[in-house]
Amino acid sequence: MPPTKPSAHYAIPPLAAILLGAAPLAWGQDGTSQEASRFVSLPVEELLKTEVSSVLKHSSDLSDAPAAITVIRHEDIERLAATNLADLLRVVPGLQVAQIDGNKWAISARGFNGFFSGKLLVLVDGRSVYNSIYSGVFWDAQDIPFDNIERIEVIRGPGAALWGSNAVNGVINIVTHSAQQTIGGHVQIQAGNLDHGSSNVRRGSQAEDGTAWRVYGQSRNRDEMQLNSNRSPGDTTRAQRVGFRADSAPGNRQWMLSGEAYEGQSGGAPYPQATTQDTRGHHLLGRLTEHLGSGSTFQALAYVDHSWRRELVTGSVLEQDVMNLELQQTLDLNQSHRMVWGGGWRQYRFDSQGSAKLSFVPPSSQRSVSNLFVQDEWTLVPEKLTLVAGTRLESDSHYALEWQPNLRLVWTPDPRQSFWTSLAQAARAPNVYETTIRYVDAGKIPAPVHGNPDFLPERELSLEFGWRIQVTPQLSSDLALFQTRYRNLQTIQLDTKQSVAGYPLTYLNNGKGLTRGLEWALDWQVNNSWQLRSGLSFYGERLDFEAPAGAGSAVSYQGSFPNRQAFLRSLWDIDHRQRLDLTWRAVSARWVPGYGTIDGRWSWRFDNKTDFALIGRNLVGPLHREYSRQPFFQETWITREIMAQVSWSL
Amino acid sequence: MGFLLFPGHSWRIPWLTSARSRLRAMILQAALATSLLMAGGQCLAAPPSEATIKAAFMANMVQFTDWPDKFAPTGKVNICVTGRGPTVDALLALDGQPAYGRSLSVSFRKRPSEALDCHLLFIAENNNRPAYEWLHELAEHPILTVGEADDFALSGGIVGLFRDGNRVTFDVSLPAMHRANLKISAQLLRLARQTHSR
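Protein sequence lines correspond, in order, to chains C and A. Mapping to the numbering used here: the first sequence position 230 is 230, numbers consecutive. Mapping to the numbering used here: the second sequence position 61 is 61, numbers consecutive.
These aren't lab readings, by the way, just hints derived from the structure by calculation. Mixed in with the good hints, there may be bad ones.
Claimed, not checked - Within a straight-line C-alpha distance of at most 27 Å, the following computed DSSO-like cross-link-like pairs (lysine-lysine) qualify:
id : chain 1 : residue 1 : chain 2 : residue 2
1  : A       : 76        : A       : 110
2  : C       : 49        : A       : 183
3  : A       : 183       : A       : 70
4  : C       : 357       : C       : 444
5  : A       : 110       : C       : 384
6  : A       : 70        : A       : 110
Unchecked claim - To give an idea of the chain C side of the interface with chain A (calculated C-beta under 8 Å), a few residues:
id : residue
7  : 36
8  : 39
9  : 252
10 : 461
11 : 463
12 : 473
13 : 474
14 : 505
15 : 528
Ideal Cβ positions, reconstructed from N, Cα and C, are used throughout, including at glycine.
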């Protein structure tokens, strides 16, 4: 996939002036130049025994990527008190992770959060797990074992030029370890008050020529949360997954093959009856990378993905099949131009079985999307000023050609800081439900909802600005500001054109708006064994109708995204065996009251092969809900959780 | 401790309102503060930076490495760096320094094609090109490739430098070393954290 430059950062607004003034030392001026010569004459054994000062890990990764990027690395994942994949994303400034119930989440960046809001593209090793039916992600089907994950890159803002339609407010790219990194056996089991026994097993091996493979299996069994009534919440989760990955040895030609199959039962709270969704799916993915010399690299990615979901009570079934092929080449045109270009084709096939409540007309459909993209990285002033210009052209079997250009500039006045700015346009393609749904629920909505086959893509134009600075070797800061203008936003309105008695509600493109915000992260390595990380984000929106709309109309997801979010993490290495990691996080009120709580993780390494951890989530504060106003699900109250986890490397 | 960050409030954070949850919050914050004090009380003498030790180690490695006769360094050892970061700065600061009977010449290279005369090449993670590009183009050249990325020695690099706790250590990839026609003495290999033989 297009190369992204990883970095992990935080930021300081008005304090910046004071701190910069008071800290005249740029990094690297910690006496390095004088000391290194002193150490050169030490014998090697002595060098390896010398204690070194603490510095922010990955401080040297302070890269000049012209985008708001946060990378959650493997070391971070190990230290997060997370019991689900979505929990890992809570420590990204600007991302809202709202847990709906035991197996459903609404995750978005920079506004419009909803289970189906669809402005966030999610990829796993380059494979899109974004569902074309609802423009969202069914997180219960993305239950990747944590110790397979190498890193998670989160890019806030429009990534459409490189990643395509639907990367409107951001892209989440989950990258798994190469098979060479997971050699050997690994077993992990966990249990707690909510987790009634989950386990995962993995075995990896490497051949003489360097080719490696791994196979793994995971089983999940989680209990229900709570409801504010006598009724049983019913949001239990059971899931099983098996998978494999194989990688060739590093070389001029590298290939990767991965596949997975899963099945599960995700319970849901009464709405009005408790229901379970049966889920099943599998995928097969292959990737080929060729290094052609002189900096030129060619990559091909192909996958097939099948997902199936049935709601037990109503009997409605949704099925999606995706086939994807994409090619990409990176090359150096000359000394100052580095280009990436490529194209791809993706086909979605959708099938459904309706029920009295939910159906699609027509029940099956097919959609093909082709795209071409190009991006040039132009070094205007070596090491100091770089301009990135790119565009993507997408063609859909139903809709007109879409241009999604972007322009980015990054200025690095000195090695410890960089300023970047970006102007980008992106579009979100209509999905299956907006165009073909038929939904009736007399108790919850005033009129039936009919999809609008003439629904147009939503569009946005986004201006961003960012500043990254390594204030001292122990303190780094990352600030991003954005303003995004939207057109053709989805609105839900009474459709006066229909001549059915009791006008149905439908989706129109009658919304427009402006959103603004700030995302700031600050990392501080206090001393050798203690690190603090914080994140703060602000958001504001002004959404409106283009043309006057009648009573009962709404711009979808208006008011869904919180104005303020913050977190503070403390990572303490108690000694060489124990670690204590605490995270405080808080979200301001939006549709549900604001909440704040603390998660914690204490881990103890018995020896090189055995690890024990005690994880607690939502440890303080009253029970809270994180989301509400879902049309299809009943949200539950997020329960306090304690879990013990043991893992062995064999 | 959380509310200290937001003195102006307006969070309407409900968890602060009930006495019982306030007590719980205070206990957790006390734990946080205690951990803060205990960890902060550690000695603040100024040890050398990780970058310094890594740079000194690389300068040192030269005497434990054998290059094929035609390429062996004579009076001058060419250490090349690419990318950005404190380790790059630390290495560049060693330019001109005498070490073990030779003098170090440290310079910056932008492209693999420009690095053919290097004896040792340090590839920083923060780089315009990913490490694999350097490694694949230079794989069969007698250049000692050193990096800091986690999987450097697994992706074709010869020596990967790490921070392990409070110390610097390294991994070596023997196949990469053989491909480059280099020989690192057993004395140094013994000190490695891991030696990959595949």
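Status of the hints after comparison with the structure:
no.	hint	verdict
1	A:76 to A:110	21 Å, holds
2	C:49 to A:183	24 Å, holds
3	A:183 to A:70	14 Å, holds
4	C:357 to C:444	12 Å, holds
5	A:110 to C:384	14 Å, holds
6	A:70 to A:110	24 Å, holds
7	36	5 Å, holds
8	39	4 Å, holds
9	252	6 Å, holds
10	461	29 Å, violated
11	463	26 Å, violated
12	473	7 Å, holds
13	474	11 Å, violated
14	505	32 Å, violated
15	528	6 Å, holds
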